[in-house]
Amino acid sequence: MPIRCVAALFCLLALVGLARAGDTLEVIPLHHRTAEEVIPRLQPFLEPGGALTGMQDNLILRASPANRAQIKQALAALDVAPRQLRITVRQSLDRTREQKSFELHGRVDTDAVDIAVPPSGPGGARVEVEVEDGSTHIGAQLDDRSLDQVSRVSQHVRVADGGRALIQASVELPFRLLEIVDGPYGRTVRESVVFYRSGSGFYVAPQLVGDRVDLDIHPIQQSFDTASPRDVVGQELRTTVSGRLGEWIALGGGDTQEQQDHRRLLGTRQTDTRETRQVWLKVDVIE
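Under numbering that gives the first Met the number 0, the first residue of the sequence shown is numbered 0, with each subsequent residue one higher.
Rather than coming from a laboratory, the hints here were simulated on the basis of the structure.
You may find that some hints are simply not true.
Said to hold, decoys possible - Lysine to any residue pairs mimicking SDA-like chemistry, simulated, CA-CA at most 20 angstroms apart:
id	residue 1	residue 2
1	K281	L214
2	K71	E102
3	K71	K99
4	K99	D260
5	K281	R157
Said to hold, decoys possible - Okay, the calculated beta carbon distance ranges per label pair:
id	residue 1	residue 2	range
6	R163	V192	32 to 38 angstroms
7	H30	I285	20 to 26 angstroms
8	L172	V240	31 to 37 angstroms
None of the values given here were measured: they were computed from a predicted structure.
No residue lacks a Cβ here, since even glycine has one placed at the ideal position from N, Cα and C.
Please build the complete structure, drawing on both the sequences and the hints.
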């Protein structure tokens, strides 16, 4: 006897043993859904003392006649052919980094002392003031730069109601790596190429309930940091949401701000970083 038949028989015998006076035991065949799919959604309709189990394409129900009629009515809306859905996920990342610095540099020559502080290097919008008097040269430098990073990712996937889907796209960038290795004959330089990956995508499991949809979703968005290309920045979210078909659903988001201060011998530098992240989702029925 097949294993599924044996399991169904045990379920049936268990319910018969628990049957109450006035309750009726009924086996209900399913046409489009499995018992594992519909039982969790029918449990809220089950009266106290009733029992509902099943396997594969059969339900086994023990309940009063009135409660059985109520559950059958709910089952009629659930046991339908799966509809094809188009799920669209939009993820956005806005990142702004502002850096301001001020420093003094110059050279002072005397008979006994020679002091030189060179400028730190090129910057963004720069203002310089210099004073020179004989062997003394003093300059002041104000540096103000801003870097904006905007990432917009929109992805969609087709999946049947009650099914599961995964979509992911990634990018790999090569970077040159130099290693200094000490060996028996001295030091050697070893050159190789390493790849850094960033990707965006989402995993989703939808379930229709009338004109609404319940979803388990896990979106991921990653991108290479503009200021430091070897670093990958991004966001990741795991959640369960419910909403109407055809409407955008806000899954989550956040705002972060970070400030760093660096002090040097004759100067200072301040870096402000702000990030805004958002994730939206929409489910449409494919007719």
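So, going through the hints one by one against the coordinates:
1. K281 to L214: With Cα atoms ~11 angstroms apart, K281 and L214 stay inside 20 angstroms; holds.
2. K71 to E102: 79 angstroms, violated
3. K71 to K99: With Cα atoms ~69 angstroms apart, K71 and K99 exceed 20 angstroms; violated.
4. K99 to D260: 10 angstroms, holds
5. K281 to R157: 12 angstroms, holds
6. R163 to V192: 32 to 38 angstroms: 36 angstroms, holds
7. H30 to I285: 20 to 26 angstroms: 21 angstroms, holds
8. L172 to V240: 31 to 37 angstroms: 33 angstroms, holds
Against the hints set out earlier in the document, violations occur for numbers 2 and 3.
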